[in-house]
Amino acid sequence: MVLSANDKTNVKGVFGKIGGHAEEYGAETLERMFAAYPQTKTYFPHFDLAKGSAQVKGHGKKVAAALVEAANNIDDIAGALSKLSDLHAQKLRVDPVNFKLLGQCFLVVVASHNPSLLTPEVHASLDKFLCAVGTVLTAKYR
Amino acid sequence: MVHWSAEEKQLIASVWGKVNVEECGAEALARLLIVYPWTQRFFDNFGNLSSPTAIIGNPKVRAHGKKVLTSFGEAIKNLDNIKGTYSKLSELHCEKLHVDPENFRLLGDILVIVLASHFGRDFTPACQFAWQKLVGVVAHALARKYH
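First to last, the sequence lines map onto chains A and B. Here the numbering used here is used: the first residue of the first sequence is 1392, the next is one more, and so on. Here the numbering used here is used: the first residue of the second sequence is 102, the next is one more, and so on.
It should be emphasised that the hints constitute simulated quantities derived from the structure, not laboratory data. Check each hint, because a few of them may be wrong.
[Claimed, not checked] Ranges between beta-carbon positions, derived for each pair: (1) T1510(A) - K161(B): 17 to 25 Å; (2) V1459(A) - G185(B): 45 to 53 Å; (3) K178(B) - K1432(A): 30 to 38 Å.
[Said to hold, decoys possible] To be clear about the criterion: a stretch of chain A counts as covered by chain B if any three or more of its residues have a C-beta under 8 Å from a C-beta of chain B, and this derived list gives those stretches: (4) 1426-1436; (5) 1486-1499; (6) 1502-1508; (7) 1511-1524.
[Said to hold, decoys possible] With a straight-line Cα cutoff of 20 Å, these simulated SDA-like cross-link-like pairs (lysine to any residue) come out: (8) K234(B) - T1431(A); (9) K119(B) - H1504(A); (10) K1442(A) - R222(B); (11) K234(B) - T1433(A); (12) K1491(A) - A240(B).
Every residue, glycine too, gets a C-beta built ideally from N, C-alpha and C.
The task is simple: from the sequences and hints, build the whole structure.
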């Protein structure tokens, strides 16, 4: 699927509004994902997943940074996330279905913190963007 | 049969008690048609779906959204027999409406996002868990009689 000019504007707008809260959103996204989809915890046996975990916060920061990077390089997400794509293919091998779950939780976080930001059009654009990120991260799986 | 803990039942009921079924239903269906435009294929007779504004203002979308979410209410009243509650609707969606069950999952996810936008921080991770479980169970029940 292709991101239209409108989609790109909408996505940049969202991340512009989120601004410095991106790290916090990243952590909450993970917290919600582990709560709503317990099977996702299987990728983090080495983490303390209790509420407020420093490891989850730290990892949420990384996830958010990647999304911000993708949004800032929205014309070439594959290029921007190339190293992360290699990492997921060779080392992490997170099943592709989980990217959709993460995306769902990120949308829930944005919706719950900024309901007025997530208009239906922006929702559509952000959903497409998150799909595109997932596609890039799993592109080299086989 | 699906097992619901007391906490899950309470989380579902407490959210549902504050939901404006007409507004939420309309919004969820409109978002489904906007975010996943291919879902419009089921609504050829709904008139103008040409833009997000048209979809949101479309009275048939609003009415149908209300109908769909009202039916959700039946599931919530019968958490211990969602399969039975949706048996006939499942047959209908298969035999008459020919709806791919994947669409039930898409609508369920959208509903969760709509609830999050309405309830903000009150829509806690535990709440989201209970509601993701509920929409999953409803989607499964609606697909159950497909053949």
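Hint-by-hint comparison with the structure:
1. For the pair T1510(A) and K161(B), the beta carbons lie near 21 Å from each other, so the given range of 17 to 25 Å is met.
2. A C-beta distance of roughly 47 Å is found between V1459(A) and G185(B), which places it inside the suggested range of 45 to 53 Å.
3. Take K178(B) and K1432(A): their Cβ atoms lie about 32 Å apart, and the range 30 to 38 Å holds.
4. Counting residues of the stretch 1426-1436 of chain A whose beta carbon lies closer than 8 Å to any beta carbon of chain B gives 3, which reaches the threshold of three, so the coverage claim holds.
5. Under the rule that three or more residues need a Cβ within less than 8 Å of chain B, the assignment of the stretch 1486-1499 of chain A holds, with 4 such residues.
6. Taking a C-beta to C-beta cut-off of 8 Å, the stretch 1502-1508 of chain A contributes 4 residues in contact with chain B, enough for the three needed, and the coverage statement holds.
7. Check result for the stretch 1511-1524 of chain A against chain B: holds, 5 residues qualifying (beta carbon to beta carbon below 8 Å, three or more required).
8. Annotation: proposed proximity of K234(B) to T1431(A) holds, straight-line Cα distance about 15 Å (limit 20 Å).
9. For the given pair, K119(B) sits about 19 Å from H1504(A) by alpha-carbon distance, which is consistent with the 20 Å threshold.
10. Taking the CA atoms of K1442(A) and R222(B), the gap is near 15 Å; set against the 20 Å cutoff, the hint holds.
11. Taking the CA atoms of K234(B) and T1433(A), the gap is near 19 Å; set against the 20 Å cutoff, the hint holds.
12. With a C-alpha separation of about 17 Å, the suggested pairing of K1491(A) with A240(B) holds against the 20 Å cut-off.
The earlier numbered hints are all upheld by this structure, with none contradicted.
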